[in-house]
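Same order as they appear, the protein sequences are chains A and B. Under this note's numbering, the first residue of the first sequence carries the number 1, and numbering increases by one thereafter. Under this note's numbering, the first residue of the second sequence carries the number 1001, and numbering increases by one thereafter.
It should be emphasised that the hints constitute simulated quantities derived from the structure, not laboratory data. Glycine residues also receive a C-beta, built at the ideal position from the N, C-alpha and C atoms. Please note that the accuracy of each hint is not assured.
Said to hold, decoys possible - Residues from chain A that face chain B, not an exhaustive set, calculated with beta carbons under 8 Å:
hint, residue
1, Q30
2, N34
3, K35
4, E37
5, D88
6, G223
To be verified - Straight line, CA to CA, 25 Å or less: simulated DSS-like cross-link-like pairs of lysine-lysine:
hint, chain 1, residue 1, chain 2, residue 2
7, B, K1571, A, K207
8, B, K1570, A, K207
9, A, K194, B, K1367
10, A, K194, B, K1570
11, A, K44, A, K73
12, A, K194, A, K76
13, B, K1570, A, K209
14, B, K1367, B, K1297
As the list claims (entries may be wrong) - Ranges between beta-carbon positions, derived for each pair:
hint, chain 1, residue 1, chain 2, residue 2, range
15, B, Y1499, A, D88, 17 to 23 Å
16, A, E59, B, T1639, 52 to 58 Å
17, B, E1568, A, S151, 40 to 46 Å
18, A, S74, B, R1663, 49 to 55 Å
19, B, H1590, A, E59, 44 to 50 Å
20, B, I1599, A, L136, 25 to 31 Å
21, A, D13, B, D1533, 20 to 26 Å
22, B, L1596, A, F111, 53 to 59 Å
23, A, D88, B, K1013, 52 to 58 Å
24, A, D13, B, H1537, 17 to 23 Å
25, B, E1581, A, D214, 49 to 55 Å
26, A, E37, B, H1590, 55 to 61 Å
27, A, L136, B, E1581, 25 to 31 Å
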Amino acid sequence: MSRNIAIVEDDADQRENYCDALSSQGYTVQTYANKIEALDGFTKSLPDLAILDIMLEGEMDGGFDLCRELRQKSPKMPIIFLTARDSDIDRVSGLRLDAWDYITKPVNLQFLAVRVSSLFRIATSMHSDSNRPSTLILGDLEINQNSMSISWRGHLLSLTLTEFWLIEALARNPGHVKTYAALMQTTRQSYVEKNTINGYVRRIRKKFKEVDDDFSMIQTVFGVGYRWQPA
Amino acid sequence: MLKPLRTLSIRSKLLWIVSSLLIIPWMGYYYVLETQRFLVQGQKDALLLTANGIATILNDRSELFNPETGVPEVLGNENDLYAHELDNLIQLDGQLEDWESVQQFANYYTGDESFICKSDYDPDSFSLKSIIGYYEQYLYALFEIDDDQLVYRDLERISLNTSDQIRMLIQLPDGTLQHYLLVASKPGRMSIFLVDEQWKLPLQGDDVTIFTAELAETERGYQIELRIPRNVIGFRTRIGFFAVDVDNSHSREIIATLSTSPQISGEPAQILITSPELTKILKGLDRPQSRIWILDKLQRVRAVVGGLSAALPPEPALEEEGNPLIRFIQNIQGHIDALLKRPPEQFTDISPQVTHRPDKIFTAILKGTPRVEERLSVDGKAQIVVAGYPIKSGDEILGAVIVEQSSHAILALQYRLLRSMTLVTVLVFFFILLALLLFAWRLTARIRRLYNTTEQAITTEGRVIEDRIPQRIYPKDELGDLGRSIVNMLNRLSGYTRYLESMPDALAHELNNPLNVVSSSLEILGTDVPDIDQNKHMQRARNGVNRLRIILTNLTEAANLEEAMRGETKKPVNLPGLITEFVDGYRTSHPEYEFLLQIRAAPLIVNCSPDHLAQMLDKLVDNAVQFSRSSAPIIVRITQNSDNAEITVLNQGPDLPEKISGRLFDPMVSYGKTDAQYSHLGLGLFVVRLIAEYHQGTCWAENRSDQPGVAVTVSIPLSTAPK
């Protein structure tokens, strides 16, 4: 049975392109142009995954409102914000609403498909706990490949997909410098600047520090990239 | 001509305007002078009217001017002895009943007033009471003398000055003196001798018979009645009496002399015969401030009353010596007194004793014309107003009334007026000056403050610093309006700057969506249409989309940066160490360039966010690389400049164009060569500025002095002084 994806995007061209790309991957896609349509559609049937723009036909925070509604109906539904809004505040607000990912435009459609499939995998693994534990343990770090979750010293971190990928990429090769170029690939976004990577790393460090004040495993190699401190 | 005025500050201009207040004292002075003229004119009119009035009273009193009467009616001199009209004939008999009518006019002379005496003299032992009267052709004088020891004349002795006696000095109009001595060897008729100047020896052997005197002893001493024919005491004849006391009948030494004149050595006095009616009239006119002369037609003085007092009415004194304000006022008064001419307290004028006034004015008046004029006092110290009016009897002119008054009172009044006016003016002047100065000071201070805030709110590059725009400007006056209008202007300018700075971000957002459409469409096209990936136009379209993405990312970078930095915490970092790491990175990422790191000071600890410093240095290096000749090294230099760490990135290449040098760090300002394949949004150095400012630092760019090329410097304050 094919999975249902809801896309809420006010720009018709983009909406249809997303729809085409995801449909070609075998998903069933429902598109909505604004909040009212979307809410209406969600009442009829809940999608398995939702891709939301934040600004919807003049409603500055229409996407956030939708996210809140969906969370009430289904606490475990994967929700992706796909938006042109690139500020930290928006990112934080989005993730605080329990969105699973936050992608900025322009987006590479292939990467979007990858993300969607990854999120479905995570969702599946969460539903069926019996899955084989595909866990990578690196010192205090514990990476669950299936649920795409990471724990530090036993504390589960709340991470977005991109953040998970970045930590995984760094931690897999401790001591090796991951260049900006490599990390850009890792984020699976169409175009990423150095600063965007710095921003991700900054947020990742913050999340680690929330559970461990002395966290200092991610080192900056200025001008080049980052590396995971060898044990 | 107006040019120097334009360069004056408002303060100086106000001072100039204040100085125009000095006209006020000048006006006041002019006004006081006018008032004085008016007052003097009023005084003249009043005096002429007085003269007219007196003349009217004296009209038809020809007896006043009749020389036949022989005795002039002259009043007003203190020395004068007044002869009062008696009701009856006086019998020279030692009985005092016939003096009853004139007892009230008695004069008393004691040792306190006019005497010559030895040191052991007892004033109670000798005193004199005298009365002078007239009846028909005779003058009568009564002397009552208190004397404890009555010593009679010793007939054996030749010298006459050896007993109690009365001396009578007569000065004839021609000035010659006659000395008469009244002595007695027993009570009853006295002997009267014409004696020498020493009152010692008789000049004639016989008694003088024109005078008659009678001595009688009393309980307290003795009394003498004297009779003098009126024709002896003629016009301007003067007379003086002296009582001489001898107490010791053996030594017969004179121990005291009492005089009827205040000055015993002075001239004898006139005997003035009072005419009750005329005395009443003239006495009524007697005032210390004005003097009335009555002249006959030969300009001879017939009567003088009153005086020319120079005394000023007392001034109210300021109290409370200790009060500093009063002391200040007194101080000012002192200066004013030095400036103004104070009218003299005393002046001397024609003595009332003169017998003749030949002044021209009288000549004119005696011709029948009333006149008023001013003259100076004899010593020239005071102005005297003289008004004259003829006295007539029918058509005949008998004489003239002259009323004199000094304008001293007016001058004194004027002086006092000037003084108080000057004082008030000075005080008012200072007060206004102070008030205006305060006002000017306040005004210029406000203007200066407005100027300063405006200057501070705009940087040299013309950027508005929002925090420094004043929130409120209080006073509701014109200056407040100006201030508010400037604040409005600044706010609008700041809003506009904000708009300009946020424009790239807004633009990026707007462009993002269509770009996303193009990009995703190309992607779908790539998968849907086989072999299209190889199509060169497809490739170029993808290239273009990628470039657009880079541009959009750059556009949003600055805006995102500001937000990102807001939540950032800084930490102390050793700058040279950090930069060394950065430069190592650049050597890897830009292998085609040579990087030279020059550390001139270490360690330099700055409070910073290393990520952002890296971003800043990226931009500096990008900028340097972009305009560098490929073979030339790029120098990164770290120096210390007092409390600042300075990072300079130098390249070799084209110089800065002058026209944009001031705006180089503004958004969307770019310089140098343009490469179609490379974006030149000019946001790199804007990002540098944002990061430098976030670190409380500054940045600037200048051409290198040693060779063509540009040096961009960022200066960041040190967190602590290096050890």
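Of all the hints numbered above, which does this structure not satisfy? Sort the numbers upward. Violated hints (numbers, rising): 1, 2, 3, 4, 9, 12, 17, 20, 22, 25, 26; every other hint is consistent with the structure.
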